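Participant: In case you want the letters, here they are:
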Amino acid sequence: MKISKSAIALVVLGLIAPFILYPVFVMKVLCFALFACAFNLLLGYVGLLSFGHAAFLGTGGYVTGYMMMQTGLTPELGILCGTAAATALGALYGKLAVKREGIYFAMVTLALSQLAFFVYLQAPFTGGEDGMQGVPRGELFGLIDLSDNMNMYYFVFAIFLFGFWLVNRTVHSPFGQILKAIRENEPRAVSLGYNVNDYKWAAFVISSGLAGLAGSTKTLVFQLASLTDAHWHMSGEVVLMTLLGGMGTIFGPLVGAGAVVTIQNYLSGGELGNYIHIIMGLIFVICVLAFRSGIVGEFQKFMKKNFS
Amino acid sequence: MATFLGINLFGLFGQLLVGLINGSFYALLSLGLAIIFGLLKIINFAQGALYMLGAFFAWMALNYMGINYWAALIFVPLAVGLIGILMERFLLRPIANEDHLYSLLLTFGLALMLQGTFTHLFGSSGLSYSIPEELKGGNRLPFMYLPNYRAWIIVASIVVCAGTWYMIEKTKLGAYLRAGTENPQLMQAFGINVPLIVTLTFGFGVGLAGFAGVMAAPVYSVSPDMGSNMLIVVFAIVVIGGMGSIGGAILTGLGMGIVEGLTKYFYPEASTTVIFAVMVIVLLTKPAGLFGKEA
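So the sequences go chain by chain: S and F. Residue numbers for the first sequence, in the working numbering: 263 to 570. Residue numbers for the second sequence, in the working numbering: -4 to 290.
Each hint should be verified, as a subset may be incorrect.
To be verified - Short, incomplete list of chain F residues facing chain S, as computed with Cβ under 8 Å: (1) A66; (2) I69; (3) L86; (4) I90; (5) L101; (6) F103; (7) G104; (8) L105; (9) M108; (10) H115; (11) E128; (12) P282; (13) L285.
For the record, the hints were derived by calculation from the structure and aren't laboratory data. Predicted model only: the values in this text are computed from it and were never measured. We put the CB at the ideal spot given by N, CA and C, even for glycine.
Throw the hints in and build the complete structure from the sequences for me.
Facilitator: Given below as structure tokens:
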């Protein structure tokens, strides 16, 4: 009941947001929120820290950009291609990575994503350091002109809601329960007869697919696919968003993404630009030392303590 | 020009030398990571930033205080090690009992802060540090030209790596170290100060990064992102070698440098990717790494 109330609030907020805030900014937040939700599915619910999720964000972005520019696909098909490519990459990387646990898993995903990064740096179609510029937004289903920011916004919002719903659906399904069981006590899950690696792999594939969806959508919004999205700093950023918002909570990644994007937007304009890394690093340190449940997690604790 | 089977030997040995030098730095950095990981189960994401710090300290020591290369080679690793000790004591120890992933995130945050601070202070273009007088020049070998400083890097880092390996694997001190991390309670009961050992080990591992930084200052440009570029490669090397394996880190570090150098000669486009490709192959065949024990 409580979730559905907050879900309605989320939808209402999303519908009116572009009238209050600059739509492109909100779209950016939504793309990163989707990315963070996808990431949180792994970290928060399976306990797997992937340090290579930028590879999927970047893959989605590049493939969508390439399809939109070269083949004149409609945007929904372009996004579908990007998402499919990221899912396929996720399936491959997942197979390699789920063999290892904990910190090993983090290192393996990081190194694999770096492999993807170098491919995008050198492949002929990605534009190298400059990235792919001037990706057309196209017309949705051949009918709705997405170059209009408001149309684009509601399209992005719909995609976000789909992703958000899918993550929730996954988490609250029997499959999600098994994932949580793996997070809590892996040996026990094994002894119950679950093929733990298959479950981890499936979660990894869903997560990478959604990260690809986020990247594909982001490319349409900004009409640009660039190396930044595939760089390992981006993998770190999504960890920060999830950690700051509250890992393992439904709304945490959303809040975290909103906070990080806002901070970056605020800082990058002025002369404070140089401080971005310092401040991001500081937030990391503070979160880990004193604030491990994140904004949403701490809020929930507070509510539990005082109002129940 | 010396050629053999159509291969330009000058070019080949040149790239091998560059590879071996990169490999020396990989070995020093991954050795530090392996010590910290193998004994303390901490993934130190700040290792690259501390290597960068070592290079900057050497540059600052020379330009602000007139401390020359040789003195820096001793003082800078100590200074960087001291910073590591403070890090361990005040930031990492409070979270030592939490999931190990938190130490990874904390050190990642520290790395961002360090890198950001130096970008703010010095810009991102990079500074130069000249080769010490004593090591200028070089020797002409039959098949290649070997600059003295480069030979020095290779020799010095192999000596340091081998010495570290010997200390940890073969001496009594190393045995205490390994036992202290294997079973801290028991070692405490024997009257060994385990927290102190942990702190010093972290300081030593980090000091190796500082040492690598000083060594690197004259060959690479001293810039804030020199560490972050290096770090990711070094992580791949640690994965290949088998995490926590001291000898594995050293051998894989040197080996991957050579592999990279060979690739640069035969197929330059793949030179930055080859280490990651090797990693994938190793993971497919030996998930625990070349020298790692199956967990």
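Participant: None of the hints should be skipped; say for each whether it holds.
Facilitator: Going through the hints against the structure:
With a least beta-carbon distance of about 30 Å to chain S, the hint placing A66 of chain F at the interface is violated under the 8 Å criterion. Violation of the interface hint for I69 of chain F is found here, the shortest Cβ-Cβ separation to chain S being roughly 29 Å, above the 8 Å cut-off. Interface restraint check for L86 of chain F: the shortest CB-CB distance to chain S comes to about 7 Å, inside 8 Å, so the restraint holds. With a cut of 8 Å, the hint placing I90 of chain F at the interface with chain S holds, because the nearest CB-to-CB distance is about 6 Å.
Using the Cβ-Cβ criterion of 8 Å, the hint placing L101 of chain F at the interface with chain S is satisfied: the shortest such distance is roughly 4 Å. Interface hint status for F103 of chain F: upheld, as the beta-carbon distance to the closest one in chain S is roughly 6 Å, under 8 Å. Satisfaction of the interface hint for G104 of chain F is found here, the shortest Cβ-Cβ separation to chain S being roughly 3 Å, below the 8 Å cut-off. For L105 of chain F, the interface hint holds, the least distance from its beta-carbon to any beta-carbon of chain S being 6 Å, beneath 8 Å.
Against a cut-off of 8 Å between C-beta atoms, the interface hint on M108 of chain F holds, since the closest Cβ of chain S lies about 3 Å away. Interface hint at H115 of chain F: satisfied, since its Cβ lies 4 Å from the closest Cβ of chain S, which is below the 8 Å cut-off. Here the hint on E128 of chain F is broken, as its CB sits about 36 Å from the closest CB of chain S, past 8 Å. Checking P282 of chain F against chain S: minimum C-beta separation of about 5 Å stays under 8 Å; hint holds.
Because the smallest distance between the Cβ of L285 of chain F and any Cβ of chain S comes to about 14 Å, over 8 Å, the interface hint for this residue is violated.
Hint compliance for this structure: hints 1, 2, 11 and 13 are not met, and every other hint is.
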